[in-house]
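Asks: Sequence:
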Amino acid sequence: HDIDAEGMLLYATVGDQDFHHKYSMPPHRMAVATVNLARDWQTVEARLLEVIEIRSNEGTGKKA
1 HDIDAEGMLL YATVGDQDFH HKYSMPPHRM AVATVNLARD WQTVEARLLE
51 VIEIRSNEGT GKKA
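Residue 32 in my numbering sits at position 32 of the sequence shown, and the numbers go up by one each step.
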């Protein structure tokens with residue numbers, strides 16, 4: 001089977017630092033990221049959009 005799988009685990013946190021790590025087990029890609037839900041909604045929204053941008057640019061060679 002020639003199936004490439006990719007995905008993301010997104011965790012809610014209330015910590016001070018956001019975490020984002022990418023794993024690769026060719027041809028599969030996985031990312032793990034956190035979003036601090038203790039922050040104001042604008043910051044939470046910005047972080048979610050940042051995580052989406054990181055995912056959408058992974059295969060393009062663009063910097064997020």
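Keep in mind the hints are simulated off the structure, nothing from the lab.
Bear in mind the structure is a predicted one, so any value in this text is a computation, not a measurement.
Any given hint might turn out to be false.
20 Å max Cα-Cα, derived SDA-like pairs, lysine to any residue [stated by the list, open to error]:
#1 LYS22 to ARG39
#2 LYS22 to ALA5
#3 LYS22 to THR34
#4 LYS22 to GLU53
#5 LYS22 to TRP41
#6 LYS22 to LEU49
#7 LYS22 to ASP40
#8 LYS22 to VAL51
The following label-pair restraints were derived from C-beta to C-beta distances [as the list claims (entries may be wrong)]:
#9 GLN17 to GLU45: 14 to 24 Å
#10 GLU53 to PRO27: 21 to 31 Å
#11 GLY7 to ALA46: 15 to 25 Å
The C-beta atom is built at its ideal place from N, Cα and C for all residues, glycine as well.
Asks: Can you give the numbers of the hints that this structure goes against, from lowest to highest?
Replies: 1, 5 and 7
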